[in-house]
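> For reference, the chains in residue letters:
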Amino acid sequence: MTPTLAVFKLASCDGCQLTLLDCEDELLALAGQVEISHFLEASSAVTGGPYDLSLVEGSVTTAADAERIRSIRAASRRLVTIGACATAGGIQALRNLADVDAYRRVVYAHPEYIDTLATSTPVSAHVDVDFELRGCPIDRRQLIEVITAFLAGRRPDVPNHSVCFECKRRGTVCVTVAHGTPCLGPVTHAGCGALCPAYQRGCFGCFGPSGSVNLPALIPLLRRDGLDEDAVGRFLHTFNTTAFEEELAP
Amino acid sequence: MTHRGSRVLHVGSLSRVEGEGALRLRVHDGTVTEARLEIYEPPRFFEAFLRGRSYTEPPDITARVCGICPVAYQMSACAAIEDACGVTVDPVIRELRRLLYCGEWIESQALHIYLLHAPDFLGRASAIELARTHRADVERGLRLKKAGNSVMELLGGRAVHPVNVRLGGFHRVPTRQELRPLREQLTQALDDAWETVRWVAGFEFPDARVEADLLALAEPDTYAIEGGTPTVLRDDGVETAFPTGDFTEHVTETHVARSTALHSRLDGRLHLTGSLARFAISGARLSPVAREAAVAAGLGDPREGAVCRNPFRSILVRAVETLYAVDEALRIIGTYEPPERPYTDVPSVPGVGHGATEAPRGLLYHRYELDADGLITDARMVPPTAQNQGAIEDDLRRIAQRALAEQGMDDAALTHLCERAIRNHDPCISCSTHFLDLTVVRTAGDTAGGSDV
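For the record, the sequence lines run as chains G and B. At position 100 of the first sequence the residue is numbered 100 (this note's numbering), and the sequence of numbers has no breaks. At position 380 of the second sequence the residue is numbered 380 (this note's numbering), and the sequence of numbers has no breaks.
Just so you know, the hints here were simulated from the structure itself, not pulled from any lab data. Quick caveat, the model's predicted, so the values are computed rather than measured. You may find that some hints are simply not true.
To be verified - Below, computed lysine to any residue pairings styled on SDA-like, alpha-carbon distance capped at 25 Å: (1) G:Lys168 <-> B:Arg172; (2) G:Lys168 <-> G:Ser212; (3) G:Lys168 <-> B:Thr175; (4) G:Lys168 <-> G:Gln200; (5) G:Lys168 <-> B:Gln177.
Stated by the list, open to error - Chain B is faced by these chain G residues, among others (derived, beta-carbon under 8 Å): (6) Gly15; (7) Leu28; (8) Ala42; (9) Ala45; (10) Leu94; (11) Asn96; (12) Thr116; (13) Pro137; (14) Leu151; (15) Thr238.
From the three backbone atoms N, C-alpha and C, an ideal C-beta is built for every residue, glycine too.
Kindly produce the complete structure, drawing on both the sequences and the hints.
Below is the structure:
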């Protein structure tokens, strides 16, 4: 039996499922290995579950989506979340630190029409998840690894060391040491290939916290390099707000 | 024949569009009484959480509005904030921005043409299914798309949410040597783009006509991408323009009676942005090879005022624009000399700035208000789909009405035609979500909100 693959989307920008379509060299080969049963962005042919592997992009921000993720879970043998929204609530989780009613009033002329939860939460806050692939957006090579690993029935080989390791491997000069540039590389999960330092800027944490994080040790460095208290807060609270928030909690 | 009775067609989850939306069509006694593109993407509140952020942050943050056109968000944000701060960037930086944007145009247009749109013309559910019978065509599309992504990856670091854009320019600019490998890939892409034009020109196109005004940026000497003046071509042929700073005075949102949806109007009239609008307004400024392609595609000679108003033929205009973007990227790479500095300094100035650029799907306007500390006090983004929704629905209504009157279609065929009519416009629903009110009409059997498992 050909294994079935499904791709679902909650609140998000579509960038992570687009990453699958951005696998131009692998897409047709992959399509030969699986039956794509549900992938609205790519196909109007939709078949019902159960699905052998479901990829879920996006965070839970409405009561309807909280309900929907439960039915997706029930229809999925394996459920993998892809991207910062699905694994940590995404940038829209900034509402978790704010007054969502005020947000509604800022954006919408008729806030009363807007159906939303006060929080943006990761999929794992609602259902069991078999694997979480990080990134805003996810990395294409890691996505291929995760899909092939699940199809082969093994755990994906996605290391959870920090971006610093990738910088060293790439031979990039440390932007913090050499230029005093604030960088979240020491606490951020690897996966992007240490892109930002290679482009002469500090990492802004779009893959979320790495396996072993010592934020209290990093924060004085960020301050030394010119970020005031508010700027440190903004730096940590952007694409993986809730994940870094947990690391900061005493 | 069912077309005499009253019926409601509803597609709970539109496929092959970016983001999540639904379609509703109400027919009473053979007349379409309601045609609606429903947007049920949950709001993400970008304009709210931008408040209090530093003026340097929107290029990275607003990229996350849309994974398919992040560069458009980055470019409109930079343009608006640089406008607020009174900074004009170095012309070489502007060319590099245009090169990055060309990468996004190639990637996004190829995605739309091959993966979202072409399957409609060939009766397939997806490009993957299409590859079973048209393998070489789909491979060409993927190769073309990859060329666009390569431009974005080299200049921006990655294709989705590039990291190298900052106010005033880039964090790091490439050397001439680093750009060299792109040349070969883009030369192949030029052939692929030409072949795309020929391929889509062979499709069959139903008759239809968009009757909305067309809105696109225009520049004196080039096909507008990363800047320009908002220009309107009315249905009666009259052309007018207004300064970007006056955008929200012209493009306004109104409540439609019986509906909670905000509909955008341009000076009180329906309008459409995107490929059809750009081609109508700037077509004469396409490069020679792109003009030749337009003629070869049967669109007519843009120098003689060719305008395409058939939304089904928008795939032809997208193919021509893709060819143009490849040609333009090659031109920029060919003449590139690295600037002395990768960016111009942009010191913050309290005030208001406006910026508009041409996202692949249409004009994207941003406005920011900055305080004395360089923090954002107000942010507005008007994405293309939010502007186009009224025109898309009007078009949908007309296409459905015509199909009913002439052919008396059954529900399945009519539904399929309506889905095609929406995909013609390549609506980018994720972009719209923070802007439009949610319209979820609950009736029996309604699946809006999603129960598509």
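> Against chain B, run the beta carbon of leucine 94 of chain G and see if the smallest gap drops under 8 Å.
holds (4 Å)
> Using 8 Å as the Cβ threshold, decide whether asparagine 96 of chain G counts as touching chain B.
violated (11 Å)
> Is lysine 168 of chain G close enough to arginine 172 of chain B, meaning Cα to Cα at most 25 Å?
holds (19 Å)
> Does proline 137 of chain G hold up as a contact with chain B if the rule is Cβ-Cβ below 8 Å?
Hint holds; proline 137 of chain G Cβ to chain B Cβ min 4 Å, cut 8 Å.
> For the pair supplied as a hint, lysine 168 of chain G and threonine 175 of chain B, is the alpha-carbon distance within the 25 Å limit?
holds (23 Å)
> Check the hint pairing lysine 168 of chain G with glutamine 177 of chain B against an upper bound of 25 Å on the C-alpha distance.
The given pair, whose Cα atoms are some 24 Å apart, holds under the 25 Å limit.
> Measure nothing beyond the straight line between the CA atoms of lysine 168 of chain G and serine 212 of chain G; if it is 25 Å or shorter, mark the hint as holding.
holds (17 Å)
> A closest beta-carbon separation below 8 Å is what the hint needs, so does alanine 45 of chain G meet it against chain B?
Given a least distance of 4 Å, the restraint on alanine 45 of chain G holds.
> Per the CB criterion, is threonine 238 of chain G less than 8 Å away from chain B?
holds (7 Å)
> Using 8 Å as the Cβ threshold, decide whether glycine 15 of chain G counts as touching chain B.
Cβ of glycine 15 of chain G sits 2 Å from chain B, so the hint holds.
> Sort out whether glutamine 200 of chain G lies within 25 Å of lysine 168 of chain G, counting only the CA atoms.
Given that 25 Å is the threshold and the Cα spacing comes to 14 Å, the pair holds.
> Tell me if the interface restraint on alanine 42 of chain G is satisfied: Cβ within less than 8 Å of some Cβ in chain B.
holds (5 Å)
Checked against the numbered hints above, the structure breaks hints 11, 14 and satisfies the rest.
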